[in-house]
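Chemist: The chain contents come next:
There are 2 protein chains.
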Amino acid sequence: MSQRSKQFHLNAFLMGVGHHEAAWRHPRTNADDVRSVGHFAELGRIAERGKLDSVFFADGLAVGPRIKHNALATFEPVTLLTAIAGATEHIGLIATSSTTYSDPFTTARKFASLDHISGGRAGWNIVTSAGEDEAANFGLDAIPDHLGRYQRAEEFVDAAVALWDSWEDDAVVLDPDTGVFADPDKVHAIDHAGAHFRIRGPLNSPRSPQGRPLLVQAGSSESGKDFAARYAEAVFTAQRTLAQGQEFYRDLKARVTAHGRHADELKVLPGIVPFIAPTESEARELEREFTELISPDYALRQLSAILGVDLTAHSLDAPLPPLPSVHEIQGNKSRYELVKELAESDALTVRELIGLLGGGRGHRTFAGTPEQIADELQLWFEQGAADGFNIMPPYLPGGLTDFVDQVVPILQRRGLFRAEYTASTLRGHYGLAHPSSQFAASRARNSA
Amino acid sequence: MSQRSKQFHLNAFLMGVGHHEAAWRHPRTNADDVRSVGHFAELGRIAERGKLDSVFFADGLAVGPRIKHNALATFEPVTLLTAIAGATEHIGLIATSSTTYSDPFTTARKFASLDHISGGRAGWNIVTSAGEDEAANFGLDAIPDHLGRYQRAEEFVDAAVALWDSWEDDAVVLDPDTGVFADPDKVHAIDHAGAHFRIRGPLNSPRSPQGRPLLVQAGSSESGKDFAARYAEAVFTAQRTLAQGQEFYRDLKARVTAHGRHADELKVLPGIVPFIAPTESEARELEREFTELISPDYALRQLSAILGVDLTAHSLDAPLPPLPSVHEIQGNKSRYELVKELAESDALTVRELIGLLGGGRGHRTFAGTPEQIADELQLWFEQGAADGFNIMPPYLPGGLTDFVDQVVPILQRRGLFRAEYTASTLRGHYGLAHPSSQFAASRARNSA
Ligand SMILES: Cc1cc2nc3c(=O)[nH]c(=O)nc-3n(C[C@H](O)[C@H](O)[C@H](O)COP(=O)(O)O)c2cc1C
Ligand SMILES: Cc1cc2nc3c(=O)[nH]c(=O)nc-3n(C[C@H](O)[C@H](O)[C@H](O)COP(=O)(O)O)c2cc1C
Chain X
1 MSQRSKQFHL NAFLMGVGHH EAAWRHPRTN ADDVRSVGHF AELGRIAERG
51 KLDSVFFADG LAVGPRIKHN ALATFEPVTL LTAIAGATEH IGLIATSSTT
101 YSDPFTTARK FASLDHISGG RAGWNIVTSA GEDEAANFGL DAIPDHLGRY
151 QRAEEFVDAA VALWDSWEDD AVVLDPDTGV FADPDKVHAI DHAGAHFRIR
201 GPLNSPRSPQ GRPLLVQAGS SESGKDFAAR YAEAVFTAQR TLAQGQEFYR
251 DLKARVTAHG RHADELKVLP GIVPFIAPTE SEARELEREF TELISPDYAL
301 RQLSAILGVD LTAHSLDAPL PPLPSVHEIQ GNKSRYELVK ELAESDALTV
351 RELIGLLGGG RGHRTFAGTP EQIADELQLW FEQGAADGFN IMPPYLPGGL
401 TDFVDQVVPI LQRRGLFRAE YTASTLRGHY GLAHPSSQFA ASRARNSA
Chain A
1 MSQRSKQFHL NAFLMGVGHH EAAWRHPRTN ADDVRSVGHF AELGRIAERG
51 KLDSVFFADG LAVGPRIKHN ALATFEPVTL LTAIAGATEH IGLIATSSTT
101 YSDPFTTARK FASLDHISGG RAGWNIVTSA GEDEAANFGL DAIPDHLGRY
151 QRAEEFVDAA VALWDSWEDD AVVLDPDTGV FADPDKVHAI DHAGAHFRIR
201 GPLNSPRSPQ GRPLLVQAGS SESGKDFAAR YAEAVFTAQR TLAQGQEFYR
251 DLKARVTAHG RHADELKVLP GIVPFIAPTE SEARELEREF TELISPDYAL
301 RQLSAILGVD LTAHSLDAPL PPLPSVHEIQ GNKSRYELVK ELAESDALTV
351 RELIGLLGGG RGHRTFAGTP EQIADELQLW FEQGAADGFN IMPPYLPGGL
401 TDFVDQVVPI LQRRGLFRAE YTASTLRGHY GLAHPSSQFA ASRARNSA
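These protein sequence lines map, in sequence, to chains X and A. Each residue of the first sequence is one higher than the one before, counting from 1 in the working numbering. Each residue of the second sequence is one higher than the one before, counting from 1 in the working numbering.
It is worth saying that the hints were derived from the structure and are not from the lab. Note that this is a predicted model, so its numbers are computed, not measured. Hints may contain errors.
Pulled a few chain X residues facing chain A out of the computed Cβ check, cut under 10 angstroms [claimed, not checked]:
#, residue
1, ARG25
2, LEU61
3, ASN70
4, GLN438
5, ALA441
Simulated restraints, written as ranges between beta carbons of each label pair [claimed, not checked]:
#, chain 1, residue 1, chain 2, residue 2, range
6, A, GLN378, X, ALA441, 41 to 49 angstroms
7, X, GLU341, A, ASP183, 36 to 44 angstroms
8, X, ALA258, A, ASP133, 37 to 45 angstroms
Residues from chain X that face chain A, not an exhaustive set, calculated with beta carbons under 8 angstroms [said to hold, decoys possible]:
#, residue
9, ARG28
10, LEU80
11, GLY86
12, ALA136
13, LEU174
14, ALA182
15, GLY194
16, ALA195
17, ILE199
18, ARG200
19, SER223
20, ALA419
21, TYR421
Ideal Cβ placement from N, Cα and C applies to all residues, glycine included.
When you get a sec, could you build the whole thing from the sequences and use the hints?
Modeler: So, in structure tokens, the structure goes:
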């Protein structure tokens, strides 16, 4: 068992009873689990048994046109992860929260609270909400334009970071004898005034164990990559081939260093949907079982939303109609390009495309033995396409259990993945330092 | 042990290591508990051992001028109650959330999530945020005016209720064979368009176990009482004498029936800060110990904030300076009036007033034996001043443990309080019906 100097990171991306859109119809799942908090607590424990870095929940602020066949969002991610925090001890807890439909004070506080409650295990997947129907739940007629959303996100994160920094690490004194609870010199107004927000601060919460939650990002457009290079410490991304993964990795790391950061301060985590079985043919057969359960009606609505074209009356066995240019897409630009390229390069019919997307909505699906999956992850890691992976089990809990019990031990034997936790915080798992408060630094300078 | 037809309700209002502002300096507390989630989980278990209806957390959206001596808000209430949900089974979980600095979609969703996670135990204390310094954290130069805040609150709650109703109770079908997750005819857009909010809906969460969280309110001004009469199912209030309590009770119930509701649909819960000891003199001595630990600097800042007058340079042993009229107060009008009346009626010095307010910031303090406390609660209940009580332990966990282990058994023996839980939801504990969705009713009419 060799211990390599560089190891990789594993996040479990959890969704309902699995990422495959027909997962809840397959006998390997119990559909009712989608609304069982016990189910999610158990998933947290399974992931922790596998020594994974973190679990993650996506989020959307509308049910959209999917109600009939699949509406999995029973729980709000921060509350759900708070429940999982109580059932686990080590694993990191990453929640999605939008910068387009919330404000920095509310958001900073909610993540500080999760970080306090979990003892330093909170992470924030920063999204700008690419869905058309989310806007209508927040007083808007249409989704704000793509660039504007990212500009707001930058100001939002700057303000949130200042709020987390507003209490220095040692601001709380708690001395019953003198009656001093906190040192007012170490608690700071932030006086943020920008194009979108004016916030006096300080945050109404002392600094949390991690100082700041882990900052995660998942958009891969040009604006998305620039944003990630500046702020993100981990990036989720959908990459279908090794070459594409390498290109994305190289591009993003170059942007990180261009921002004066060290390349290691951002971890690139491509997604993979693993169908695991003792033989490759059984794994393929398992994947086929799931594909056959896809409801074309649902899949067509999903695909229509991604492509910005109404396909609901389109023949399943015809190729796609002509698609708009990426410049016309205000939603998820990178996913649009990925799907368009996939469909056009192989001249797929709609039915074929739906099958390919069913597992992970564009993320790479891989059916194989535990060894084959481990080989594939090792290859991407060693060939410069990944610092770790976003594991998206097609069905739950079985798909996660199999990964943890069958794939993780192989990775551990190869010295690629930790055998025990060596840190107690999420930042620690990802090998990142505890950030110091921006106000501590300036106070130190002033008193020098 | 007689079982009376009408029983009363008990809520534990939990705050840091106790309501008394010097609680954290007293040897009966452990100051560090203010940031320990384990402490709060234990409080939930103690309250549940006493069969209390619910626990409750207040909330403020700024630390204000209190940082040096007392800043207790480490946790955000909904996440903290989510953590307590995992440590308990029956007790209701009431969180404060502001209508002035949030929006209906976000708020409706967060309480739906808590209700799902806790199996139907969520309650919302609806506040309009009376603090001056909260506004500056949300882009405003000053607090919005009192009436305007309540008007916004009405529209806010109407929209939130519509969102909770947007999924009918039986909308989720979850049939793996047909592939139908939800019945689209039972999931409704709300199309809310008002002066403050435009929201399409439906909520991105199926209907939660209680249908809607319990709606709680805690403002006692004229606008506050009208708001409560229309929306609230439980009301927290600070009443210092039996006569004042009776007058408030009568007034509020009359407003409830004027709104076409049954008087029993709203429970009036006055606050009480009990100092409990085996003899009355020991209880008084205990209270005195706490009063002596008050930091005058802190107390003056608190009092200045309540009264809208800067007292920080005022002599402790002089009477209060002239106070503004209630019409000039844009913050907490009812608390202002209570404190003003208290100070002026007995011509108190500032020091005396600070001592009287130290226990519960205006709520009634009562020092006595368990029997005396039980007598006092029974009196208020039987004399038409209360449907139950908001128990505000001056120090924690001891003040709650003593109440649960020494006062509750007396109330149970007298048949005034339940010996076992008879319901599984918070609404059930308070004897309230499961609300039906407003959309179910109209759908039934249309198809009739
Ligand atoms: C693994 C992964 C998870 C994502 N989760 C969410 C999510 O929970 N909510 C959301 O609104 N967008 C989510 N996204 C979408 C991105 O955050 C981003 O909004 C989208 O890629 C559009 O950004 P772009 O136009 O920069 O590519 C996710 C993307 C990836 C790759
Ligand atoms: C027991 C109790 C608890 C309260 N909790 C809060 C709170 O957590 N946050 C808040 O902003 N106001 C709180 N208040 C204040 C009221 O909600 C309300 O804002 C205040 O009484 C002003 O309203 P009024 O002017 O109608 O009296 C509380 C009041 C009482 C009696």
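Chemist: So, for every hint listed, does it hold in this structure?
Modeler: Okay, the hints, checked on the actual structure:
1. Given the 10 angstroms rule on beta carbons, the hint for ARG25(X) holds: about 4 angstroms separates it from the nearest Cβ of chain A.
2. With a cut of 10 angstroms, the hint placing LEU61(X) at the interface with chain A holds, because the nearest CB-to-CB distance is about 6 angstroms.
3. Checking ASN70(X) against chain A: minimum C-beta separation of about 5 angstroms stays under 10 angstroms; hint holds.
4. The beta carbon of GLN438(X) comes no nearer than 18 angstroms to any beta carbon in chain A, farther than 10 angstroms, and the hint placing it at the interface is violated.
5. Proximity of ALA441(X) to chain A is violated relative to the hint, the smallest CB-CB distance being about 20 angstroms (cut-off 10 angstroms).
6. For GLN378(A) paired with ALA441(X), a C-beta distance near 60 angstroms fails the hint of 41 to 49 angstroms.
7. The beta-carbon spacing between GLU341(X) and ASP183(A), approximately 37 angstroms, falls within the hinted interval of 36 to 44 angstroms.
8. At about 40 angstroms, the CB distance of ALA258(X) to ASP133(A) agrees with the hint of 37 to 45 angstroms.
9. Interface hint status for ARG28(X): violated, as the beta-carbon distance to the closest one in chain A is roughly 11 angstroms, over 8 angstroms.
10. Proximity of LEU80(X) to chain A holds as hinted, the smallest CB-CB distance being about 7 angstroms (cut-off 8 angstroms).
11. Here the hint on GLY86(X) is kept, as its CB sits about 4 angstroms from the closest CB of chain A, short of 8 angstroms.
12. Hint on ALA136(X) holds. Least Cβ distance to chain A is approximately 4 angstroms, under the 8 angstroms limit.
13. With 8 angstroms as the threshold, the beta carbon of LEU174(X) comes within range of chain A, its nearest partner Cβ sitting at about 5 angstroms, so the hint holds.
14. Of the supplied interface hints, the one on ALA182(X) holds, with its beta-carbon coming within about 5 angstroms of a beta-carbon of chain A, less than 8 angstroms.
15. Because the beta carbon of GLY194(X) sits about 10 angstroms from the nearest beta carbon in chain A, more than 8 angstroms, this interface hint is broken.
16. The restraint placing ALA195(X) at the interface with chain A is violated, with a minimum CB-CB distance near 12 angstroms, outside the 8 angstroms limit.
17. Taking 8 angstroms as the C-beta contact cut-off toward chain A, the hint placing ILE199(X) at the interface holds, the least distance being around 6 angstroms.
18. Taking 8 angstroms as the C-beta cut-off, the interface hint given for ARG200(X) holds, the closest approach to chain A being about 4 angstroms.
19. At about 25 angstroms, the closest approach between the beta carbon of SER223(X) and any beta carbon in chain A exceeds 8 angstroms, and the interface hint on this residue is violated.
20. Hint status for ALA419(X): violated, given a least beta-carbon distance of 29 angstroms to chain A, over 8 angstroms.
21. The criterion of a C-beta within 8 angstroms of any C-beta in chain A is not met by TYR421(X), whose closest approach is roughly 20 angstroms, and the hint is violated.
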